[in-house]
Every structure is written in structure tokens, then in C-alpha cells.
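Produce the complete structure using the sequences and hints provided.
Chains as they are written, first to last, in our numbering: chain F, 34 to 397; chain U, 34 to 397; chain R, 34 to 397.
Hints listed in this document are in silico derivations from the structure and should not be mistaken for laboratory results. Honestly, I wouldn't trust all of these hints.
Repeated chains share a single entry, so a pair holds when one copy, or any two copies, can fit it.
[What the hints assert, rightly or not] Calculated pairs, DSS-like style, for lysine-lysine (alpha carbon to alpha carbon, straight line, at most 30 Å):
1. Lys349 to Lys243
2. Lys349 to Lys321
3. Lys96 to Lys349
4. Lys349 to Lys75
5. Lys75 to Lys96
6. Lys243 to Lys321
7. Lys349 to Lys84
8. Lys96 to Lys84
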Amino acid sequence: MTRKKTVTPTTIAGHTVPNPGTGTLAMMRSAIQATMALGDLKAHLFTIPEKPDWIPYRTSYYKEDWGFCLTHTQLLAMNEGDYEVCIDASLEDGLLTYGECYLPGQSSDEIIISCHACHPSLANDNLSGLTVATFLAGILSQCDRYYSYRFLFIPGTIGAITWLAQNREAAGRVRHGLVLTCIGDSGGFHYKKSRRGNAEIDRAAAHVLKHQAEPFEILEFSPYGYDERQYCSPGFNLPVGCLMRRVWGTFPEYHTSADNLDFIRPAQLAGSLRLCATIVDVLENNRKYRNLNPFCEPQLGRRNLYRTTGGDAIGKEINARLWVLNLSDGEHSLLDIAERSGMPFSLICGAAEVLRQAGLLESV
Amino acid sequence: MTRKKTVTPTTIAGHTVPNPGTGTLAMMRSAIQATMALGDLKAHLFTIPEKPDWIPYRTSYYKEDWGFCLTHTQLLAMNEGDYEVCIDASLEDGLLTYGECYLPGQSSDEIIISCHACHPSLANDNLSGLTVATFLAGILSQCDRYYSYRFLFIPGTIGAITWLAQNREAAGRVRHGLVLTCIGDSGGFHYKKSRRGNAEIDRAAAHVLKHQAEPFEILEFSPYGYDERQYCSPGFNLPVGCLMRRVWGTFPEYHTSADNLDFIRPAQLAGSLRLCATIVDVLENNRKYRNLNPFCEPQLGRRNLYRTTGGDAIGKEINARLWVLNLSDGEHSLLDIAERSGMPFSLICGAAEVLRQAGLLESV
Amino acid sequence: MTRKKTVTPTTIAGHTVPNPGTGTLAMMRSAIQATMALGDLKAHLFTIPEKPDWIPYRTSYYKEDWGFCLTHTQLLAMNEGDYEVCIDASLEDGLLTYGECYLPGQSSDEIIISCHACHPSLANDNLSGLTVATFLAGILSQCDRYYSYRFLFIPGTIGAITWLAQNREAAGRVRHGLVLTCIGDSGGFHYKKSRRGNAEIDRAAAHVLKHQAEPFEILEFSPYGYDERQYCSPGFNLPVGCLMRRVWGTFPEYHTSADNLDFIRPAQLAGSLRLCATIVDVLENNRKYRNLNPFCEPQLGRRNLYRTTGGDAIGKEINARLWVLNLSDGEHSLLDIAERSGMPFSLICGAAEVLRQAGLLESV
Numbered sequence: 034m035t036r037k038k039t040v041t042p043t044t045i046a047g048h049t050v051p052n053p054g055t056g057t058l059a060m061m062r063s064a065i066q067a068t069m070a071l072g073d074l075k076a077h078l079f080t081i082p083e084k085p086d087w088i089p090y091r092t093s094y095y096k097e098d099w100g101f102c103l104t105h106t107q108l109l110a111m112n113e114g115d116y117e118v119c120i121d122a123s124l125e126d127g128l129l130t131y132g133e134c135y136l137p138g139q140s141s142d143e144i145i146i147s148c149h150a151c152h153p154s155l156a157n158d159n160l161s162g163l164t165v166a167t168f169l170a171g172i173l174s175q176c177d178r179y180y181s182y183r184f185l186f187i188p189g190t191i192g193a194i195t196w197l198a199q200n201r202e203a204a205g206r207v208r209h210g211l212v213l214t215c216i217g218d219s220g221g222f223h224y225k226k227s228r229r230g231n232a233e234i235d236r237a238a239a240h241v242l243k244h245q246a247e248p249f250e251i252l253e254f255s256p257y258g259y260d261e262r263q264y265c266s267p268g269f270n271l272p273v274g275c276l277m278r279r280v281w282g283t284f285p286e287y288h289t290s291a292d293n294l295d296f297i298r299p300a301q302l303a304g305s306l307r308l309c310a311t312i313v314d315v316l317e318n319n320r321k322y323r324n325l326n327p328f329c330e331p332q333l334g335r336r337n338l339y340r341t342t343g344g345d346a347i348g349k350e351i352n353a354r355l356w357v358l359n360l361s362d363g364e365h366s367l368l369d370i371a372e373r374s375g376m377p378f379s380l381i382c383g384a385a386e387v388l389r390q391a392g393l394l395e396s397v
Numbered sequence: 034m035t036r037k038k039t040v041t042p043t044t045i046a047g048h049t050v051p052n053p054g055t056g057t058l059a060m061m062r063s064a065i066q067a068t069m070a071l072g073d074l075k076a077h078l079f080t081i082p083e084k085p086d087w088i089p090y091r092t093s094y095y096k097e098d099w100g101f102c103l104t105h106t107q108l109l110a111m112n113e114g115d116y117e118v119c120i121d122a123s124l125e126d127g128l129l130t131y132g133e134c135y136l137p138g139q140s141s142d143e144i145i146i147s148c149h150a151c152h153p154s155l156a157n158d159n160l161s162g163l164t165v166a167t168f169l170a171g172i173l174s175q176c177d178r179y180y181s182y183r184f185l186f187i188p189g190t191i192g193a194i195t196w197l198a199q200n201r202e203a204a205g206r207v208r209h210g211l212v213l214t215c216i217g218d219s220g221g222f223h224y225k226k227s228r229r230g231n232a233e234i235d236r237a238a239a240h241v242l243k244h245q246a247e248p249f250e251i252l253e254f255s256p257y258g259y260d261e262r263q264y265c266s267p268g269f270n271l272p273v274g275c276l277m278r279r280v281w282g283t284f285p286e287y288h289t290s291a292d293n294l295d296f297i298r299p300a301q302l303a304g305s306l307r308l309c310a311t312i313v314d315v316l317e318n319n320r321k322y323r324n325l326n327p328f329c330e331p332q333l334g335r336r337n338l339y340r341t342t343g344g345d346a347i348g349k350e351i352n353a354r355l356w357v358l359n360l361s362d363g364e365h366s367l368l369d370i371a372e373r374s375g376m377p378f379s380l381i382c383g384a385a386e387v388l389r390q391a392g393l394l395e396s397v
Numbered sequence: 034m035t036r037k038k039t040v041t042p043t044t045i046a047g048h049t050v051p052n053p054g055t056g057t058l059a060m061m062r063s064a065i066q067a068t069m070a071l072g073d074l075k076a077h078l079f080t081i082p083e084k085p086d087w088i089p090y091r092t093s094y095y096k097e098d099w100g101f102c103l104t105h106t107q108l109l110a111m112n113e114g115d116y117e118v119c120i121d122a123s124l125e126d127g128l129l130t131y132g133e134c135y136l137p138g139q140s141s142d143e144i145i146i147s148c149h150a151c152h153p154s155l156a157n158d159n160l161s162g163l164t165v166a167t168f169l170a171g172i173l174s175q176c177d178r179y180y181s182y183r184f185l186f187i188p189g190t191i192g193a194i195t196w197l198a199q200n201r202e203a204a205g206r207v208r209h210g211l212v213l214t215c216i217g218d219s220g221g222f223h224y225k226k227s228r229r230g231n232a233e234i235d236r237a238a239a240h241v242l243k244h245q246a247e248p249f250e251i252l253e254f255s256p257y258g259y260d261e262r263q264y265c266s267p268g269f270n271l272p273v274g275c276l277m278r279r280v281w282g283t284f285p286e287y288h289t290s291a292d293n294l295d296f297i298r299p300a301q302l303a304g305s306l307r308l309c310a311t312i313v314d315v316l317e318n319n320r321k322y323r324n325l326n327p328f329c330e331p332q333l334g335r336r337n338l339y340r341t342t343g344g345d346a347i348g349k350e351i352n353a354r355l356w357v358l359n360l361s362d363g364e365h366s367l368l369d370i371a372e373r374s375g376m377p378f379s380l381i382c383g384a385a386e387v388l389r390q391a392g393l394l395e396s397v
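This is how it looks when you write it as C-alpha cells:
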């Protein structure tokens, strides 16, 4: 990811496809035109009594219903009497629109980065993922890429289902993937593993998190959450994890109007972007080498790859070279070596490059 | 285990078979008719000095010997002088009698429940296992059964050896088994794993214990104990564990007259029976399903299997459905899913049934 | 290892072979003949300011350089002025000399014991390994041996590389191995695992350490250290671990004149020797047996292998017999049984011998 080159042609597309179901999107709100007493109206009004100035975010899942979300303060200020109720909507077959950015790499094997774009006006649980994904695409568009990258900006659930239904072949080329969400708040990182549990993306994310400074937690896979639910459904079982800061449902601002631009921070978004780029860097550079001098250690000193005077312990760069030489039997990847040595991937990867240039390693 | 049906014919039998060895049972007590001084007699008197009102239970294993067990108080009250000693016994080839109750099921694959009936007058270390096994047989006789069940009421060691020697074919049909002993006292549960260590009975017992309220401990297999010693001998290596409350040898009443009816409690026997029935329920219902809609999540809402309005977290029933759908790839059993999700088997099993009825799962 | 027999012919040899590289040994010190001011000389003088009376041990690795090691007190006492500097050395193709002691056994499979003999005048980090290895060879020369043993007394790094380069065939016969170093100080034991991580030598060493009284620690393999670096290079990947007391680099006396005869203790050398002999004993006696009576327990009482009266718990000898009978299915080694039972190997091994003599086990 370090070498820049001429920018590869990038495909950015907005897709509008027929809804896979029958008017499912429009079903989320039904039309209503009526006059009704406050008492009757209240069954359709949603507030958060314990946070009287926040507006909740409520969804009717595929049931024909309607309602208004408002602050509890507003509700308390409403006088008895008749109210005119009007939602100008129609329930009919519609279209599903999503955005897609494809960056071709040397290989047609893909890494997908997926984020949802459907929660109205929520900042952490919507916008943060879009932001980090967009900037990550910007960075990657300027780099040499081994993998091809596909960024999906989709409505949650139905977007992932639609994309997977229409792109079975591309889905089969997915080697690694990340769902990004709730990634701009002040919390530490949470990485939720893929259904496979020990996929390379799971190991890469855990490794990178372990070697950075912020607090973090690794969560086991569960089938409830964001669009990893679809990517990890048993028919696909793609190696896709989910990267978050705070976990949905565990912070009071979740699914309320308080999940706004004040709730997310530029520095946190930047830290999340750095983390994503580092994970991608591991995936891009994780390969296996074969030590061309496997019988005993090659003489590093003669090749200017060792210290010249003994006494104290060797430095970490030399130690990394010894690890790479020792485990490069064609079976261990650089990530394997980083994990076993306890050293950061970047150090192991740098050592492999130095050794390769010295003619001591070959890629397998 | 929930659906009742017409009671299946049950075979209850008492078997009397020649002793496998030569008069081994009778060797446990030899005849004696003599007059001897107290000093000489004392070598044949067994007491517990630190518990002067308890009588110990002592056995001579296959060595021709004799003795009397009594309280230390009685021993102290015995005057010097000559005593007439009389045990009217004979050492000759005999017969071994044991009880067996066989409940046929849909399959000839068997679950055996084994308990010993040889410790004279001991309540926890003898009678408690017989009691729980008898009531469990009563419950199971009223239920539809996938497995066939064999309850063995046998003298310890020689009973199990005899049954195994005479029933090699039936032993080959044993898929799961439990030895029940010391299961009526006030202690928490102990489950000792089979020699295999990760047999389905081991996993089922551990799972059920984890999801009930009483304290418990899982013990690794060891070759000393009750009749699991024989079932788990290397030639058979049957998946048979041992369920106890207090562990033999760890409570002072063990192998004494204080292991009496006051030492065991009806409520504890009932709790043990419930636990056994729950373990059997897991074994009966543990099967694998295939999600018939494996590409992304099926729309549960349309099938009335989801909540209708979003906001808070989903309930445990819906979560269980998501787990079953996600892991039902024909490879994971319901117990696998219960273990991975951390949910009780009953919840997972109920979810699978609901999904099967909705046409979303098929049994494999 | 317990039965003595007529001493087997032992080969003790000193080998002198051409240096594998070009004059590498001589490169460690270059000749110098000059007169120079103290200021210029100081760049070639090595001391330890914080330990003013200790002399450091410094090495120039394969770079043509020269220098003198001295105490800091000596350095401070040197007056300004010109100094005559003289090292009478020559840099030319040379010879590498090492010692080897080979003890043939019933099998040509080998156990190698390797120690380095190159650190000038250091006691713990040189002499201690030589001492323990020499005494271990003395003990083994008096014993029946299943394995053949090869003791290597070699200069570090280049010695191991030379031996491996010239003995490819013998290297292929190495089944287990130990590098001995820093094994006479007052510290507890450290065993560093082989690259394989779960080789029989790794398991034997861990088992023996667990069942002795001194503090110890098991260290994972790393490619930096002593000659296990070479034995465990990927082309050889021999099952060779490293046994130490204090770990190199972690004690202040390391690579200084304070690592002298006062730093090591006879009792500690003796304890290390006992440990090595016990590890070798495990390797010599670790085999698999088959229970000839695998269907249920054989009657041990009739064979005088059980207690005669029940009551308290069985003794550890009987328990060991039950473990050996239960797990001797031709698949589990005695070390497997010792590990699973938590009992010391010697107890398990003794039980197996008793059972074998009773006709209950056969070797597989």
C-alpha cells in the first residue's frame, strides 16, 4: 500500500434496481389523511420519556403502519382536541438505489467494504461508516492494489440482500470483507468476527488492534447486527467481519436524534480510517515466502543485515529477520509469523522485503 | 420428550446368571465358628474412632477373610474375656442377580442408565441412584422415544462386568449412557466425563448443568469410580459419564451408617431427576437441520416470526431463530448451535421447530 | 536407565575440520601493531562503567576490527600519552576443532546433547553446559540404552553449522535433542521449546519440570538464542529444545568477567544433571502398550495388584495401574498417560512394568 502509481480507472456507479420484494420499501410508511383526537393519535406518536428532548428513530418492519416520532416535550405540549394527520406516501412497487465504487487490482479477488445509508440523519449509526469508507476508497484509489476493492453504500439488510442476489459471481470472488458502522464516536474499537471465526480478515483485524494504542475488544460472531448478517448467511458464508467503535444498542444515543454530528469526532473518524488502512495493508502484503538458505542461518553480517559487535540483545529489526528466516518454509504466512513472534506485521513485512532483496527469500 | 403417546411395551426383567468368576461373591465373607479372646477378635472388628456412633462399611475384595463392623462405642463397652464368633456362610459357586428395564424406542440405538444395588443399607451411595433411575424410567415409559432405553440395576463392578460380558451386541448399540450415584444428598452436581471426554453425553450434560441454577462442577474422566470404569474400559470405550451430587470419598458419611435416609432429601432427588430428564431431552432432540433459504435471511416478519417495530433489541426467541437459521447448514447440530450461541438448548430447539413448521428448515 | 550392563564401546573424538567460510574465525580479531594516543585508543577499549571492576566480553562478528576489554577502573587509571598497541594475529584460512562423544544404543535413532565451548573463561554461559553434558555422558555410558547418544562440544553457531553441514545423515537420525547452557547458576529452570513446539522432547521436559520441586518456566521457541537456532532452522527443523537456569541477557553477570566460578554452584550443576537424566529416562522408557484384557477391568486383587480391604481411597500405585490399563489401547504412550492422569512418569512407567510382568500388557 506504500507505492503510489498512476491512478487505476475506478468505477463509481449508482445502481437503481427493482425491489426484490413487493413494494417493501414503501411499506415502511403508509399514506394517511385523517382528522383524529389526540387520544387516538397518541397510539401513533413515539417519544423517549426519560430523554424528553431527544427524538427516537423507529421503524415499522414490513407491516403497513404509520406514526410520528417527536420529543417527549413536544408531546406534553400538545393540547387535547382534533389533529389533522397527513402523510403523503404511496405503497407500490418501487426501486432500490445504492452506490458502488469498484477499484480493480492485480487480482480479480475482491475485498468488500460495506456500509449502510438508510438511517435518516443518524451520524454514528450511518454517516460514520460512509465517511470512513469514502476516504478509504480515496486512499486506495491512489495505491497499487493486489486485490480489487468494492465499496458498497447500501440501505441496510435489503441493500445487502439485493447486492448479493444480483452479484452471485462477484460474491464468489470475495476473499475478505468489512462492514463499517458506528465508527466515529469516542469509544474504543470493537471487531466482530465473521461466521468463520478464524478467517484471515478476523486474524488481520485482531492483529492490528493488538498492536495499536486504543482500547479494543474482539467479539465473537452472532447472527444479529448489521449487514454481516447477510454476507455471513450460511449459503454465502463470506469472510466478512464488522468494525465498530461503540456497539449498537449499548449507548443511549443509539437510534435517537442525539446520534448527531456532535456525537462523532473528526479525530475518531481519522483513527478508524487509519485502522482500516492498516488492516488492508496486512491483507495486501500477507504472503508466504521460502527461505532459500534453509539449512542453518545464513550469515547476515556479511550481507550487512546484522549488528557488527556483540554484547547487548539484538535489535527488533534483526530479530524480525531471524523470525522470517526461521518460519519461511513455504507454509507460514507473514501474518502467521507476526502472530507467533508477537511482533507487528509491519516489522515482519519489512524484514521479509529486506531479506528478499538480499536474495535470501523467494515468494511462493 | 414432551409428546405423550400410548405406552410402549416395556420389558422389566430380573436376571440371575452364573457368577463369571469362581464363587467370587461368596468370597466376600467366609464362614467362621470359633471362640476367641477379645484381643484376638479385635483384629476382625472395624470401627470409626473419630465418629464413635457410626458403623463403617468395609469390604474384603476377593480375599478370604471375615470381620464385624460396629460402632466405636460398642467396641469400648466390650469386656475382656472369650467371645463366641459365628458367621454362617459358605464359599461356593453362586449366582448373580440384577434387574433390567428396557424401553424400546424408534431406533434400536440405546441409552443406558446404570446404578448399583450392592452397598448394604447405604442411602446416597446406592439407593439414590436406584430411585432416580426408577422414576426416570417411569417418565420415559410414558413418552415417545427416539432412542431405546436400558436401565440396569446391578451390583457394582461385577454387575457391570457380567452385563457387558453377556451383552456384547447390545453394548455395541449404546450411543449414550449415564451412571447415577450419590445423587440425593444436599450437595451441588458433579458430572464426570466419559473416557472419550467430548462425547455427546458429555456435551449435553455440561450444557444442561450450565443452564440450571444449582452449583455444579465438571470432572475429567479417571479410571477409578463407579461402573463407568467398566463401560469406559478400552475394549468398550462407551460414551458413558457419571452423574453425582457429592463425590464419593469426599464426605464423612461416605461408606458409613450415617449415609442413611436422613442424609438424602426428596427435593434433591427430584432435582436430580429433573436434571436427568433434561439431559435425555437434549439427546432425544439433538439433530441437524438444513436452512432451505440459505442465501441471506428469509423475511421473518412476513411469516410472523419477527417483531413488527424496531427500536430496542430483539427478544431471545427471535435471536434463537436467527442463530438456528445461520448455523443450520447441515453440519451443526442443535447442541452445537446452543453451545455457540450461549442459549439454552430448549430455546434453540423450540426455534428450530417453529422454523421447520414455517417451511424454512428441513431435517438432515 | 536403571539397569546397568557391560559398558558399551564409546567413541570420543576430537574433530578438526576446515572452516566452512573463508577464515571466519580469524576475522574475529585482526592483527594490530601501532603506537597511538589514548584518545585514539579509546575507541578500541571496552568497559562497563556501571560495574567498574568487571571486564565485558565483546565479540566482533565477522567484521575486521580489534579491541581490548578491561575494567573501567583500569581505564580511568590510564594516563594521557602514547600507547603501544600489539595484537599478534593473522587472518587466514584455519581449522575448526570440536569434541564429540557418541554412545551407541540398541537403536541408531539419536538423542543429541549440544553445548558450546567458545566463550573465553565464562563459567555459566559456557562451562556449566560442558560440565553437565560430560557427567550425563558418564552416567549414560554405564547404562543400557535404547537410543544412541551424541554429545557435541562445539563453538557456538559455527560449530553447530559445521556439524550439521558435515553430518546430514546423522542429523536425519536425531529423534530428540537438548542444548545445555547457563545451567549452573542459582536460578530456577527455563526450558525453551523446539520450533515444533509439541515435540516429544518438549512434552518430556515440561512433564519432568512439572513434577520436580524447583521453580521453572516453559518458554516458547524463538529463533534467537543458542545452537537450537541452527538445529531448528527450517531445513532441519530438529526436535531440539534448550535447557537453562537463568536466561542469557537477563542477569547482570551475563557476558562479563563476573560470570566466573563463584557464579555457579556444584549443587545447582548436580540438580541440572538430575533433571537431564530424568528427561532422558522419560525418552528412553516412553512407549505404547496394549491392554491384553481390554473388556472391563481385569481382577487385580487375584494377581496381588490391588488392596485387599475397601474403605479409604486406593493408593497412587493402584491408581496408576488403573490409568495404564484404561489408556493402553495401543494409541496412548506412557507419557500421554502420565500427562492425562497428572501423575509422574516414573509412577506410570513402574505401573506398566508391573502389569506387563503380570501378563496384562504387551508392548506395541
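*Out of the numbered hints, which ones does the structure contradict?*
No numbers; nothing is violated.
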